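**Q** Produce the entire structure from the sequences given, and follow the hints as far as they go.
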Amino acid sequence: MSASRAGKATLAGVVLGLAALTACAKAEPAGKDDGTGPVSVKASDSGCDLSRRDVKAGTSTFSVSNGGSKVTEFYVYADGDRVMGEVENIGPGLKRDLIVELPTGKYQAVCKPGMVGDGIRGDLTVTGDAAPQTSEDALLKQATEGYQRYVNSQAIALEQKTTEFVTAVKAGDVAKAKALYPVSRTYWERIEPVAESFGNLDPKIDARVNDVEPGTEWTGYHRIEQALWVSNSTKGMAKYADQLLVDVKTVVAKAKVVKVTPLQMANGAKELLDEVATGKVTGEEDRYSHTDLWDFEANVEGSQAAVQALRPALQQRDPALVKQLDTNFKTVFAALDKYRDGDGFKPYTATEPEKKTLGAVVDGLAEPVSRVAATIAKK
Amino acid sequence: MTDEKPTPGNRTPATTDRSSGGQASDANTVSGVGSAPSSAVAPAQPGRRRGFSRRGLFGAAGAAVVTGVAGYAAHSALDTQPTQAADNNGPVDFHGVHQAGIVTPVQDRLHFAAFDVTTTSRDDLISLLKEWTAAAALLTAGKDIGQYGAVNGPDEAPPKDTGEAVGLPPARLTLTIGFGPGLFDKRFGLAAKRPKALVDLPHFIADNLDPQRSGGDLAVQACSDDPQVAVHAIRNLARIGFGRVAVRYSQLGFGRTSSTSRAQSTPRNLFGFKDGTNNLKLEEADKLEQQLWVQSEDGPDWMVGGSYLVSRRIRMHIETWDRTSLGEQEAVIGRGKGTGAPLGKADEFDAIDFAAKNADGEPKVPTDSHVRLAHPQFNNGAELLRRGYNFVDGSDGLGRLDAGLFFLAYQRDPRKQFIPIQKQLSRDDKMNEYIEHVGSAVFACPPGVTPGSYWGEKLFS
Chain D
1 MSASRAGKAT LAGVVLGLAA LTACAKAEPA GKDDGTGPVS VKASDSGCDL SRRDVKAGTS
61 TFSVSNGGSK VTEFYVYADG DRVMGEVENI GPGLKRDLIV ELPTGKYQAV CKPGMVGDGI
121 RGDLTVTGDA APQTSEDALL KQATEGYQRY VNSQAIALEQ KTTEFVTAVK AGDVAKAKAL
181 YPVSRTYWER IEPVAESFGN LDPKIDARVN DVEPGTEWTG YHRIEQALWV SNSTKGMAKY
241 ADQLLVDVKT VVAKAKVVKV TPLQMANGAK ELLDEVATGK VTGEEDRYSH TDLWDFEANV
301 EGSQAAVQAL RPALQQRDPA LVKQLDTNFK TVFAALDKYR DGDGFKPYTA TEPEKKTLGA
361 VVDGLAEPVS RVAATIAKK
Chain E
1001 MTDEKPTPGN RTPATTDRSS GGQASDANTV SGVGSAPSSA VAPAQPGRRR GFSRRGLFGA
1061 AGAAVVTGVA GYAAHSALDT QPTQAADNNG PVDFHGVHQA GIVTPVQDRL HFAAFDVTTT
1121 SRDDLISLLK EWTAAAALLT AGKDIGQYGA VNGPDEAPPK DTGEAVGLPP ARLTLTIGFG
1181 PGLFDKRFGL AAKRPKALVD LPHFIADNLD PQRSGGDLAV QACSDDPQVA VHAIRNLARI
1241 GFGRVAVRYS QLGFGRTSST SRAQSTPRNL FGFKDGTNNL KLEEADKLEQ QLWVQSEDGP
1301 DWMVGGSYLV SRRIRMHIET WDRTSLGEQE AVIGRGKGTG APLGKADEFD AIDFAAKNAD
1361 GEPKVPTDSH VRLAHPQFNN GAELLRRGYN FVDGSDGLGR LDAGLFFLAY QRDPRKQFIP
1421 IQKQLSRDDK MNEYIEHVGS AVFACPPGVT PGSYWGEKLF S
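Protein sequence lines, in the order shown, are assigned to chains D and E.
82 is the number that the working numbering gives to position 82 of the first sequence; each next residue is one higher, with no gaps.
1352 is the number that the working numbering gives to position 352 of the second sequence; each next residue is one higher, with no gaps.
Selected chain D positions facing chain E (Cβ under 10 Å, derived; list incomplete):
{"#": "1", "residue": "Arg-208"}
{"#": "2", "residue": "Pro-214"}
{"#": "3", "residue": "Thr-282"}
{"#": "4", "residue": "Glu-284"}
{"#": "5", "residue": "Glu-352"}
{"#": "6", "residue": "Leu-358"}
Simulated crosslink set (DSSO-like; lysine-lysine; CA at most 27 Å straight-line):
{"#": "7", "chain 1": "D", "residue 1": "Lys-378", "chain 2": "E", "residue 2": "Lys-1345"}
{"#": "8", "chain 1": "E", "residue 1": "Lys-1364", "chain 2": "D", "residue 2": "Lys-259"}
{"#": "9", "chain 1": "D", "residue 1": "Lys-378", "chain 2": "E", "residue 2": "Lys-1364"}
{"#": "10", "chain 1": "E", "residue 1": "Lys-1357", "chain 2": "D", "residue 2": "Lys-378"}
{"#": "11", "chain 1": "D", "residue 1": "Lys-378", "chain 2": "E", "residue 2": "Lys-1337"}
{"#": "12", "chain 1": "D", "residue 1": "Lys-323", "chain 2": "D", "residue 2": "Lys-141"}
{"#": "13", "chain 1": "E", "residue 1": "Lys-1357", "chain 2": "D", "residue 2": "Lys-259"}
Just a sample of chain E residues kept apart from chain D, beta carbon distances all over 10 Å, derived:
{"#": "14", "residue": "His-1095"}
{"#": "15", "residue": "Lys-1193"}
{"#": "16", "residue": "Ala-1246"}
{"#": "17", "residue": "Gln-1295"}
{"#": "18", "residue": "Phe-1349"}
{"#": "19", "residue": "Lys-1357"}
Honestly, the hints are just simulated from the structure, not real lab data.
All figures in this text were calculated on a predicted structure; none of them were measured in a lab.
Every residue gets a Cβ at the ideal spot worked out from N, C-alpha and C, and that includes glycine.
**A** This is the structure:
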């Protein structure tokens, strides 16, 4: 549900250090790996080759080059797909670095060609002295830092992809704009509770036609969506495209420095699933393009990112809940699988029984997610 | 005939239950069947009267209602007797300065129906209103309609009264009529009489209205303490109207979501919160004149003493609400869930302190909470008399409760009351996350009917 006030928690704007994620272009000659330098990652449309799969505890650098034809992403996941670090939106032929702090443990290194699905996965082992922090406060601090890194990376990709979308709209390239529309929204939908916390930007960017008050102009993604799919044209859309980019840039700037609390993360995870339940499953969100399932998956991914950032703290307090969350997230993604089409999704024209099935798995996931906040708050 | 006027004393004891009512009805049926209808007019023996159910008196009423028009005139004589029941099953006065069913202490059940007028004849419309008025007077008195009622007519004819209320007490049934904007188009020569206050409601942010559940030329609100009595009333009015009106949509409601009298406790809505704590109450006569009843300076004349009804079908996203934390729920509403007290206060009826702050400097009653945004203090003093109902229409295709609030609010002028309040709510109310307005209508509800008159007579004179 767009233009909602989900997540309108007071988020104080405190500058967040970006140490963990930079995009330096430090070239590292391939094949010259002495076990201490950056890990070189060769990503392609079908592969994800790491120069080595064990690193020392502490700060590691992954130098990702995309030799494939699809835009890709690179993630380091801890248990339960907890995002330790990621670089988004690496175009073909590009090279980006991920610098990430990794405590001792088992991880997965994942490339996601096309930026969707489970990706190409492989183990990553971290050994050495830097012991994982286990005090409650430290775990929650890690959680918020991890989630803020995630928000930050999504925000950067949101701006990049929206810029591409806006460029296509202004160039009158209907086909390209249609292809980019669901992709750029993915980044918005993953961090929606954060984006929504910035007052009136959410309705400007994401209002559906009926969300608009008379006397107020309808702007944003869905305004352009209507033109693209109903009129099959970008005529008259340049000004909305320009406005969208301005508004998105404002959100991105704010999202990069936002400071969230563990409780806000937990509530945001729940709200993202509420969005799926009320807007995506019903097909109301992208009523012209029927690209709802892209948003659907992105909401669930965003929810998962917030929940899994809290995972070590949750694991200490309620391991059974963690297990249930893992299972139910898997169930939702599995339910989405039957609608996948290449790098994206089939148009969402589900029948009532299909919607009911999707709704039921979302409800099944949302119930345990709704218990996360109280579990985190428990002293 | 007036002697047969039902009174609580000779009809049903305050504690009448349905089974005893049914038995009484059977007794009466025996007395009535086989007699000529006219003989049913005066079942005078006290011994037999004592056991009469409400329906037992249909004969008396039925004889009066030979035709619709004659019926309303004749029947009106019945209602010169005091009828306000002391017991909860008793009838509510149909006649009066104002229509019943507005400040009447809110009953437990609702059947609301909106109609499209299908005839283009002004005379047809007037005759319908006359017949409806006559029937409504009988129905609210707890009587069958038609010459023979439900069970005493000829074998060859379908009974005039559909019969499912036989044996049931009046259950405080009220029937309240409203005229929608559509009635004032070109069809019936009423365009010049359309009140300025009967505006078409604007689009509010996030309205997701189903046209099939919105609008209507006429509306009848049936409220009762027994759902079957309310359903019976609407069903019979619809039947009388076939050929002249068609039901556009109707809504069943249960569990009143407000109180209109200080004598009533505050009920809970489907979010589990007390609703209607600060509603307008019938005891506040001055306030009602100021906020509820159309005054002579408001115009038009035919609406003086009437009121404007706004109905909204508000779907509640029950499932997402239910997994919302208690603290968030209370912050959304602005009241405690258990006590109903404003946040920061202890008792339900404590005044809301909008200035009170928490330790962190945030208002105790959040600025985007429902009670704050809906409060007269932030709406130029505007208030509404709400008498909405919970509804659960089973579940939707996704297996979720098709549930919510059928919001009904009466007021003196929607332009100054509902519209500005709802504009503010649709923009900022945190509750919007959990609700969706899916139906909407506005009606001009004329003043009450005097004996010998009919609903809206002044509009057509």
